[in-house]
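Take the given structure of chain W and dock chain Z to it, following the hints.
There are 2 protein chains.
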Amino acid sequence: MRTVLLATLLACLYNFSQAQVLQPSAKPNAAQQRMIQRGYGMFIHFGINTFADVEWSDGTLPVETYHPTQLDPDQWVRTARDAGFRYVLLITKHHDGFCLWDSKYTTYDVATSPVKTDVVKAVSDACKKYGLQFAIYYSLWDRHEPSYKDPDKQKYVDYMLHQLTELFTSYGNICELWLDGGWDRKPGEWGIDQVYQLVKKFNPNCAVSVNHTIVNEEGKRQATIPGEMTEDNKYFFQYFPSDFRLWDPQMITRFDKKQYLHNGKSYYLPFEHTICISDRWNWFEKSAQLPVRELDELEELFYWSTDNNNCLVVNIPPDQTGRIREYTALQAISLGKRLGLALNKPLPKNGRFISSHKPATATSVYADPKNQYAAGAVNDGSLSSRWAAADKDTVATLEMELSPADAFNKISIFEYKDAKTLPDGFSQIREPRIREYAVDILTNGVWETIFMEAKPMGDCKVIRLPRSYHASRLRFRVIKATAPPSIYEINVIDK
Amino acid sequence: MRTVLLATLLACLYNFSQAQVLQPSAKPNAAQQRMIQRGYGMFIHFGINTFADVEWSDGTLPVETYHPTQLDPDQWVRTARDAGFRYVLLITKHHDGFCLWDSKYTTYDVATSPVKTDVVKAVSDACKKYGLQFAIYYSLWDRHEPSYKDPDKQKYVDYMLHQLTELFTSYGNICELWLDGGWDRKPGEWGIDQVYQLVKKFNPNCAVSVNHTIVNEEGKRQATIPGEMTEDNKYFFQYFPSDFRLWDPQMITRFDKKQYLHNGKSYYLPFEHTICISDRWNWFEKSAQLPVRELDELEELFYWSTDNNNCLVVNIPPDQTGRIREYTALQAISLGKRLGLALNKPLPKNGRFISSHKPATATSVYADPKNQYAAGAVNDGSLSSRWAAADKDTVATLEMELSPADAFNKISIFEYKDAKTLPDGFSQIREPRIREYAVDILTNGVWETIFMEAKPMGDCKVIRLPRSYHASRLRFRVIKATAPPSIYEINVIDK
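First to last, the sequence lines map onto chains W and Z. Whatever position you read off the first sequence (first residue = 1), add 1497 for our numbering. Whatever position you read off the second sequence (first residue = 1), add 1497 for our numbering.
Isolated chain W, as found in the complex (with noise of 0.2 Å):
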C-alpha cells in the first residue's frame, strides 16, 4: 500500500511539475504566450437557456426544454474558420447547471434531452476537421447540481474535479478554461487551486481563469474597472491562480498593465475581452432576430482589445434551429475579410494614436463635483470616461493639441449613448445624442473642416481620410444634439 501511494504521488509531483504552474514573472510563460499568439476565439452561447428565450434559467426547467431542430455544430465552426477566428469557445455548462456533454455525474444534460448529440465533442471534431483550437467555458456556479447545496464545500468541488475530468480527458486538447459565476460563494470556497492543478494536469499549457479575476485590495471583492487600470503592481488577484484576466464584458484601457500581486509577488496576465456581435448584447440567442453590431465598430473594438497583447472572443451564438443565423454570421465573415484575417498570419495592429492624452479643452462641461466629465477624457484610453457638455442646446465643440509632426490619416470616435433597456430585461437599445456634427483641423493657423455629418455616428464612427495630415490642433464640433453631447473616445490615428 505505501508503495502504491508513493508512487501515485511521484506522479503527480512529475505531472505537475510539467505543468505550466503560475509563476511570479514580467513576462508571458508558454500557455500565455500561446494564448496571445491565438488572441480572435469565437465564444459561443448554447444550451436550455437558448430555447427559453432567457439570458439565466434557474436550473428548473426541464430537459425537455432542449430541443434544436437542426443540431449544426459543423456549421458553427465552419463559420468560425470563415471569419478568421483562431479558437473556439463553448459554453459546456452555464449557472443553469445543464451540461452540452453526455456528463456520467448528472442527468441535467443533452444525453437526457430530446437531442442527444454530444455538442462537446461535436465542437471539438470540428474544430479538429477546421483546424482551430477549442477552448471551454465552465460555470462555478451551479444552481441545479443537488451537491452544491451540501454544507461540505468539498462536495461540490469533487463535482466540478470529475467533470473537468472528463470535459479534459474526452475531447482531446483544451486550449483554454474559463470559469465563471464565482460572485455566488467566497473566493476561497470554489478549490481554484485544485481545479486548476487538475487542468494543468492534463495540458500544461491550458490557459484558466475565472471571470472577474482581479480586485483591489486582496482578499475583498470590490474591484476598479479594467478601462481604470493603468498601474503594474497595484491590484490583486480574487482567484489565484489565474493565467489571465477576465472581467466580462468591461473593455481595457488602452495603457493596460499586465503585473498583478499575489502575496507579494508580481504575475504576469493578459486580457481576454467578451463582446457580444449582437447589438443588443444578448448572450443566448432569442427567437426575435436582433441586429448585429457595425462593422466600423467590430473592427476598432478588434484592435481595441488585441493590439496590446490582449484577447478577443467574439459571442456568435446559435438560434434554437441550433445554427448561427446567416446574417450573424455574415457579419463576423465580413470582418474577418475587412481584417484580411489568416490562421497563419499574425493578428493585424490598429495605426498609431497620435492623440493620446494630448492637452483637450472643451467649450462646455457637464457640472460634477470629481470634474468626470472633462475634456481630457476623449483621449485618455479608457471607453469608461468620457467628456460630457453641459446641455444639449449649447453647440459644444471640444479641441485638442496635436503634434504638427505626426501625421494622420483616421479618426474613430466612441459616442456616449443612452441605453434603453428592452421589455425583455436583457437586451438593450443605444440612442444617440449627437445628430450633425463636424471634424475641423489647424493647419498653419488656418482651420478646415475635414469631415462633417448630419446624421448620428453609430456606435463607432470611423473616418478614413483618403489623405494624411498635419496639424496643430483638431476640433470636434457638435452641431446639433437631442440631449447633451458626451463622447468616451476621440482617436486620432497614423493607420
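In short, the hints are calculated from the structure, not lab data. Mixed in with the good hints there might be a few duds.
To be verified - Facing chain Z, a subset of chain W residues (Cβ under 10 Å, in silico):
| hint | residue |
| --- | --- |
| 1 | 1820 |
| 2 | 1831 |
| 3 | 1947 |
| 4 | 1961 |
| 5 | 1976 |
| 6 | 1980 |
As the list claims (entries may be wrong) - Among chain W residues calculated to face chain Z with C-beta under 8 Å, some are:
| hint | residue |
| --- | --- |
| 7 | 1786 |
| 8 | 1823 |
| 9 | 1935 |
| 10 | 1950 |
Note that the Cβ used here is the ideal one computed from N, Cα and C, for glycine as well.
Chain Z in isolation, oriented as in the chain W frame:
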C-alpha cells in the same frame, strides 16, 4: 470683292465639312465616342451667386458682390485629378449673365469685379497642367445683358456667338458645351444651329447640348422624364442639333435607349447626368456647411450613370473663399479611390443585375387608380417609379422571384424619402420612412435572413455579402416604419 466673298464662303464650307456635324446614325460619332470615353467629369458652379448665398440671381447683383478671398482654381482641378475625374465642366456664365472671364462684350464680368482673375483661363490652364479635359457651361438665358431684351432676337444670338468665339479661341481645346436656360424662349429663338456650327468650326469634336434636349412631341415642350424613356425612336429633339441628351437633374432608366428623332430621321444620343456631391442639392456653395452624399450612394449613382455608355458630372462647388472645402473634396477623392479610377483605365462597371424585371409582389400596396405603386416598380430599372405600402403600421414585405442559376453577392436599395425644403428655398433634407428592415432569401425551400438592420438605410443602402448566393426568391421585410414604406429600386447584383 466677289473673290473675297467666295474665299470666305469656301473657307466656311471647308470648316463645316470638317465638323462632326450630327448625322442620322445608330452608333456614336467621333465626338460622342470621345464623350463616352471621358465618362466622368467634375461640374463647377462658381460665380456671383456664390457670394449672395443663392442658386439663381436676376442679373442686378453688383459686380462687387463677387469677391473670393483666396481664389484657387488650381486647387479645384487638383481635386478633380485626385478624385479621378476625366474632365472639368465649368460654369462660364449662369442665368445672371455674370462672366467668369474678361469678355469684351460686357462689363458684367470678373474683369470689373474686385478679383480680376480670369477664372476660365485659370481652370483651363490647370486642366492642361493636370491632364484633364476642359468643358464649359454657358447659359442661353441671360438676365443681365441688354441685347437679350431686344425684339430682334438675333441681336442676343450675336452676343452669344461673340462670347462663344472668345471662349473657343482663347482657352485651348474645349471638349463640351453645356447650354442651359432654354425654357425662357421658344426653342427656335436661340440660334442653336448657329451656335452649333460656330462651335464645330472651332472644334469638330466638341460635344454640344441644350438642357431638356428631348420632348414627347416634335415642336412641343412637354416631355417624358428620362427615367421612363425605354423605347428607341419614340421621342424627339427639342433643340437640334445636339450631340447628347441633358435633363438636369434626372437619372435615366437602366434600359436607356439612344435613338431619338428629328425630321423623321433617327440619331444616336448619349446622356450626361448631373448630380450634386451635396446631400442637399445646392449647386452654388452656401455659407453654411452642408453635408455631402454618402459614399455608397455616390458609388451606385456612378455605376447607374456611366454603365450604359452615358456620362456623369458631379457638382463640387468652391465656397466664398474660392476654394473647394476640404471635407467635400475628400468625399470625391474617397469615391475615386474606392472605384480605382485612373485616367488610363476604362471606367469600372457595376456587376450584373440578376433581379431586373423579375416578377414581384407585396403584401401591401398603396391604393392608386393608376396602380403606380405596385411591387414591380422596385426592379423596373427606374429611379422614378416606386413601390409603396398602404400604411406605416402594416409589416409590409415585398417578394421577388430570382433564377436559382444566378449567383449574387450584392444588393442595393434606394428608398423613397420625404424631401423637406429648408428655409433657403433650395436645399432639402430627405427623411427616411423605414427604420428597421431585413432581407431574406429562399434557398432549397428554406428562408434565411441574410441581412437585418434596426436603423435607417441611408440614401442608398449597399449590402455587400462576403459569400455568393443562389436563391429562388428574395424578400424585403419592413419591420418598422414611420410612414408608408416606399422603395424605388432593389437591385440584386452579381459583382
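Verification of the supplied hints:
no.: 1; hint: 1820; result: 9 Å, holds
no.: 2; hint: 1831; result: 5 Å, holds
no.: 3; hint: 1947; result: 5 Å, holds
no.: 4; hint: 1961; result: 7 Å, holds
no.: 5; hint: 1976; result: 8 Å, holds
no.: 6; hint: 1980; result: 18 Å, violated
no.: 7; hint: 1786; result: 6 Å, holds
no.: 8; hint: 1823; result: 5 Å, holds
no.: 9; hint: 1935; result: 7 Å, holds
no.: 10; hint: 1950; result: 6 Å, holds
The structure fails to meet hint 6 from the earlier list, while all remaining hints are met.
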